[in-house]
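First to last, the sequence lines map onto chains A and B. Just so we're aligned, residue 0 is where the first sequence starts under numbering that gives the first Met the number 0, counting upward by one. Just so we're aligned, residue 0 is where the second sequence starts under numbering that gives the first Met the number 0, counting upward by one.
In short, the hints are calculated from the structure, not lab data. C-beta atoms are modelled at their ideal positions from N, C-alpha and C, and glycine is treated no differently. Misleading hints may appear alongside valid ones.
Said to hold, decoys possible - Incomplete in silico selection of chain A near chain B, CB under 10 Å:
no., residue
1, Val6
2, Leu12
3, Lys130
4, Glu133
5, Val139
6, Asp218
7, Asn254
8, Asp268
The chain contents come next:
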Amino acid sequence: MQQLVSVTLSSLLAAGLYATMAYGLAVIYGVMRIINLAHAGFMMLGAYVTFTLFSRFSIDPFIGLVIVGPLFFFFGVVLYRAVGKSMARSGATPSIESLLLLFGVWLVLQNLAYVIWTGDTQSILTWYTMKSIEIFGVHVGVPSVFVFLASAASLIFLNVLLKRTYLGKAIRAVTQNRDAALLSGVDADRISATAFGLGTAFAGIAGGMLSTLMAFTPDFGRSFLLKSFCIIVLGGMESVTGVALGALVLAVLENVLGAYTPVPTSLQDAVSFALLFVALVAFPQGLPALFTRFERKAIR
Amino acid sequence: MHASRSWRVTLQAAFLFVFVGISAHAQDSEIRIGAVLPVTGKESKIGGAYKAATELAVKEVNDAGGLLVHGKKMKVDLRLLDDTSDAAKSAQLVEQLIVQQKVHAVIGGYGSQLVQAQSVVPERYGIPFISGGAGASSIYGRSKWVFGTLSPVENLAGTQMDFLLDLVKQRKLKAPLKISLLRENTEHGKDFQKGVRDFVNAHPKQFSIVLDESFELYAPDFRPLLMRVEAAKGDLFMCDAHLEDYIAMHRTYTQMGLYHQMVTYGARGADEAGRKALGAATDYIFASGWWSDLLPYPQVKAFNAKWKAATGNNPQWYHACAYETVRALFAAIQKAGSLQPDAIRNALARLELKDSILPGGVLKFSKTGEATLPFVVTQNKPEGKLDLVWPKAAKTGEPVAPIPR
Chain A
0 MQQLVSVTLS SLLAAGLYAT MAYGLAVIYG VMRIINLAHA GFMMLGAYVT
50 FTLFSRFSID PFIGLVIVGP LFFFFGVVLY RAVGKSMARS GATPSIESLL
100 LLFGVWLVLQ NLAYVIWTGD TQSILTWYTM KSIEIFGVHV GVPSVFVFLA
150 SAASLIFLNV LLKRTYLGKA IRAVTQNRDA ALLSGVDADR ISATAFGLGT
200 AFAGIAGGML STLMAFTPDF GRSFLLKSFC IIVLGGMESV TGVALGALVL
250 AVLENVLGAY TPVPTSLQDA VSFALLFVAL VAFPQGLPAL FTRFERKAIR
Chain B
0 MHASRSWRVT LQAAFLFVFV GISAHAQDSE IRIGAVLPVT GKESKIGGAY
50 KAATELAVKE VNDAGGLLVH GKKMKVDLRL LDDTSDAAKS AQLVEQLIVQ
100 QKVHAVIGGY GSQLVQAQSV VPERYGIPFI SGGAGASSIY GRSKWVFGTL
150 SPVENLAGTQ MDFLLDLVKQ RKLKAPLKIS LLRENTEHGK DFQKGVRDFV
200 NAHPKQFSIV LDESFELYAP DFRPLLMRVE AAKGDLFMCD AHLEDYIAMH
250 RTYTQMGLYH QMVTYGARGA DEAGRKALGA ATDYIFASGW WSDLLPYPQV
300 KAFNAKWKAA TGNNPQWYHA CAYETVRALF AAIQKAGSLQ PDAIRNALAR
350 LELKDSILPG GVLKFSKTGE ATLPFVVTQN KPEGKLDLVW PKAAKTGEPV
400 APIPR
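Using the sequences and the hints given, assemble the complete structure.
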């Protein structure tokens, strides 16, 4: 019983972490059909900006996210205005140019970080970093709980933004059909810039949150990129709720395999790969589409 | 007619020989030493430290007039290139140094992965190669030209086990002891695992392994792995990890409220960055290292003072290893009294650097080219204190075992 509670809690906390990593990627892919290879670079930069706010101005990392979010949104919009025109438009398949361009942006960010912060390993140690709370007899780290709560808040924020506001409706319109949205008077280019800014902001926020859990160097984020791809494929590429669901499936699978099977935990990445493969072959539209299909069959 | 032609050929050959000899001699007015280090990129922190220590060792020799070769003092021309922590580029730069810049010997980089890539090049051209930054055993023994001053990681694990066995003999720890063994999925990790396993197999009454798992570098979540550690109920926690993984894993370890009688993360533990990231949670962690500034040798004290005067900081193990690598190469060149690759290589193979600053005080290489020096063991104490606890003869404080709850 204790192990079941432990696995459940671990899965939920890991899902929060994974979803946080993937929201930004999903928003940008959904609107612009761009696989943002610079996502890891934005996360890394988010970690460093949070670290700088903490070490220079004693701003708590989670409070610092209030600064990191808008700052990265602005950075994303400026970046889109500077290079976004060269990227593929919605409706088209991701172009090799956009992949190369964003890969280049990642390398530039990485090298910039080496120049500014050097290659030294950095970390953030707050009063609560090493603290844990007991939930049903299981100790869970306070920063992990904060990350989970922030991830849940992000999910609510994105859902409200996309479903209840004009901007959200415009983003969804561009996501579904860019040409039709243009004909309806939506400024698709402005919406793309906003979506890119939003995706960049969430990547920065994810980096800021990850900096409370682990140490980082300018190479940070690389290993999370693949997991994020896997999650957005599972989640159906365009839906933020789907992303949360994909993150939960991956986290549950990893934790159940770790706790109840002799499968080595070093194969965690292989689990992500296998899941990515299965998702692409069996349900390329993601889990939400799969559930909808089952629902329709059940009604019939 | 035939005879005069052969005379003419002989004369031309002699002229060519003398000319080439003179020009080669003219070229060899200085000793060209190549070095390829990760000065930028992900290994830049220690790569930069290797650069500083290498340059200091070269400067010292040049300030003293150079090395004695062919009966005269020759200055050292250091040609140091940055591989940006890229393995492919690293090998390419070593080749460039040998082919284009005609260096007499090459100093290898830092990091087993980078040195592994570099180490295949010297064999092609027959040039001596010495590295002070790679402990993976697989690098050595494949080429007679490759030498390394870092003792194998297997020995690191073996030293830690010797230390633990001594704690058992002192009755500080009570045998039999169950070990939870974790390692990163790298050559370094595999060597660590082998070292522990070999020792446990040789001491079955004192030790057993109850969990043996590996993990990928920079894993985002160590909780599933540590849940296995918790379930294994081991007495000792032994892990081999990079700094980033050590920090992330030990945070989760502490948050989960895990406890073991002794905890180690291999070579990690005494790092300033680790103590800054984990605070008091690092207290009593023990770690092995290739060097410590606490070693009580006079030559170590002299090196500490020299380093502090030159840089304003206390030396770390990587500064000492890089410095000693250069010293070993220079000692071999002087002993060879020649810049011929074979002569330098043979001198390196027979080298016995008796005033070495490395543990044991004498640096020499095994048949595979690897130095087989003892390791030191340090233990973190509260309030940022650090004690050298092994070897016994050099200890600066008593080991605390088991770790207080």
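Hints versus structure:
no., hint, in the structure
1, Val6, "holds (8 Å)"
2, Leu12, "holds (7 Å)"
3, Lys130, "holds (7 Å)"
4, Glu133, "holds (9 Å)"
5, Val139, "holds (7 Å)"
6, Asp218, "holds (4 Å)"
7, Asn254, "holds (5 Å)"
8, Asp268, "holds (6 Å)"
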